[in-house]
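Colleague: Take a look at the letters that make up each chain.
There are 2 protein chains.
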Amino acid sequence: MASVIECIPNFSEGRDKAVIQALRDVAGAVPGAALLDCSSDESHNRSVLTLAGSPKGIAEAAFRLCAAASEKIDMTKHSGEHPRMGATDVIPFVPLQGVSMRDCVELSKEVAARIWDELRIPSFLYEESASSPARKNLADVRKGQFEGMPQKLLLPEWAPDFGGRAAHPTAGVTAVGARFPLVAYNVNLDTPDVSVAKAIAKAIRGSSGGFRHCKAIGVMLEGRNVAQVSMNMVNFEGTPLYRAHEAIRAEARRWGVGIIGSEIVGLAPAKALTDCAAYYLQLEDFSYGRQVLEARLLEME
Amino acid sequence: MASVIECIPNFSEGRDKAVIQALRDVAGAVPGAALLDCSSDESHNRSVLTLAGSPKGIAEAAFRLCAAASEKIDMTKHSGEHPRMGATDVIPFVPLQGVSMRDCVELSKEVAARIWDELRIPSFLYEESASSPARKNLADVRKGQFEGMPQKLLLPEWAPDFGGRAAHPTAGVTAVGARFPLVAYNVNLDTPDVSVAKAIAKAIRGSSGGFRHCKAIGVMLEGRNVAQVSMNMVNFEGTPLYRAHEAIRAEARRWGVGIIGSEIVGLAPAKALTDCAAYYLQLEDFSYGRQVLEARLLEME
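Residue numbers (this note's numbering), protein chains in the order written: chain A, 205 to 505; chain B, 205 to 505.
By construction, these hints were calculated from the structure, which means they are not laboratory data. Incorrect hints may appear among the rest.
Covered by chain A, per the in silico footprint, the following chain B stretches (three or more residues, Cβ under 8 angstroms) [claimed, not checked]:
no., stretch
1, 437-451
2, 464-477
Residues of chain A placed beyond 12 angstroms of chain B at every Cβ, according to the derived structure [unchecked claim]:
no., residue
3, Trp320
4, Asn341
5, Gln355
6, Val423
Predicted, not measured: the structure shown is a model, and the values here were computed from it. Every residue gets a Cβ at the ideal spot worked out from N, C-alpha and C, and that includes glycine.
Bound conformation, chain A alone (with noise of 0.2 angstroms):
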């Protein structure tokens, strides 16, 4: 079984089409690893790719990701909905097969000397790669955001993991680490009332009381006037998409409210939707790697 790990780095750039296709030229060019995914947003100014491969093709990619982004972003000039603090503003590493989540973290750390060594980017580890429980979650780490980080990188508690106390002058500082797949599914309701969706986000979201392993918000689709609820499931295993559905299906009815739709954003490891397909058929004594062909295809390379 060939090892694939999946990494999705985070570039503070979403309207420059050039900086963009830069970015792709660079990812294809990497051997060992492939381009799966790019998407831009323009009011988040900022693009995410999708990449997999081996180890090593992996961390390569990153590497070279980050410098080509540390070259041809300027984040004095930055500015978008979406918080940041670096060019390059978070690099995670997936296991996807023949690899262990300790595989990643060690692979996150490589890459995090490496940028430090060549680019002088300081950076933090975050996640499954955290040094202390006060840098695991993203947002906290990433607080104070680029015009913040030369006053954080002063105070006691937050040394960069890797690198000296100073941002980089241009492309800030940068998150590296190893997570579990991250699924990004929304549910849209009918109605156009936004606050149905905040008090359901607040309900079903781990922070607030809900599932453990789901972040939520409530936002409006202006274009359809529609209320979404927008999550983040961190951890399908442990919060299984069909868990955070049945639980908003059961919130809405308090407001006479109903699921008109949902949507996966991006990629998602098929084992987050026949996990799903197993609870509502009913499925006894269903295994995915034993029974799925693709897994068994993959586990065959």
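Dock chain B against the given chain A, drawing on the hints supplied.
Modeller: Just chain B now, kept in the frame of chain A:
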């Protein structure tokens, strides 16, 4: 993208462990083919192997297995509940990736020709490989079974597609063909009354007015005192699993009966299940090929 074909040969031996092991050993020794599954049924006296591999590897494995079965299985001494006409009863080829149905049809003809040339076993082409509509359905081809084949081959309309008009004395006749992936899907009812399962099976199977790509019978799970609708979903894109499931639920209501569980027997393509997740989660604009990670990983090979 590598070309991958699945092959699910059925052999008329489900009791003799030494013979079954010999077949597994043959399957495991062919370069370019991998044995994914082997399930034997004593009452059927039949074993079903699942292999996947390159067109060349799979063609070689199918031939070698047929040769081994003709050496080790004597159909004049065979009895079992399942209809059968040969030591190697049927060899289906299924396009999985990077190959067309047409490629699998061609492959089935090459293998059938070699089985006649080197083993002197005649064969019928069935399903997508069939030379006439009357030979498409395996049950029609196999009618008369091993004991009736010598007479059947002499009928004007039943000349074999490959080979002479005499069955092999101990290995009988083999059916060879290309087909879509098949999912064996069973639904368990909260009743011990098999007549309810039989009536539901009749309502949903294509042959009696139900779903075109669904074959269904009602059976009793003796150990559990539970009636079961047992199905072969022969084209899960044309008739998805969830549609059969929901139709069974609706039909069962007439008798005040519910669904207590279901099962996938053996292997299933991920898409057969992610299609169900998409239905129950009400996914909008979901694309298996673009959004499922494993589909993208297999494409990378």
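Colleague: The structure should be examined with respect to each hint, and the outcome stated for every one.
Modeller: Checked hints:
With 3 residues having a beta carbon nearer than 8 angstroms to a beta carbon of chain A, the stretch 437-451 of chain B meets the requirement of three or more and the stated coverage holds. For the stretch 464-477 of chain B, the assignment as covered by chain A holds, since 11 residues bring a beta-carbon within under 8 angstroms of that chain's beta-carbons and 3 suffice. Every Cβ of chain B is farther than 12 angstroms from the Cβ of Trp320 (chain A); the closest lies at roughly 31 angstroms, confirming the non-interface assignment. The claim that Asn341 (chain A) lies off the interface holds: its Cβ sits roughly 24 angstroms from the closest Cβ of chain B, which is beyond the 12 angstroms cut-off.
Non-interface call for Gln355 (chain A) relative to chain B: holds, since the shortest CB-CB distance, roughly 40 angstroms, exceeds 12 angstroms. Listed as a non-interface residue, Val423 (chain A) keeps its Cβ farther than 12 angstroms from every Cβ of chain B; the least gap is roughly 16 angstroms.
Comparing the model with each numbered hint stated earlier shows that all of them hold.
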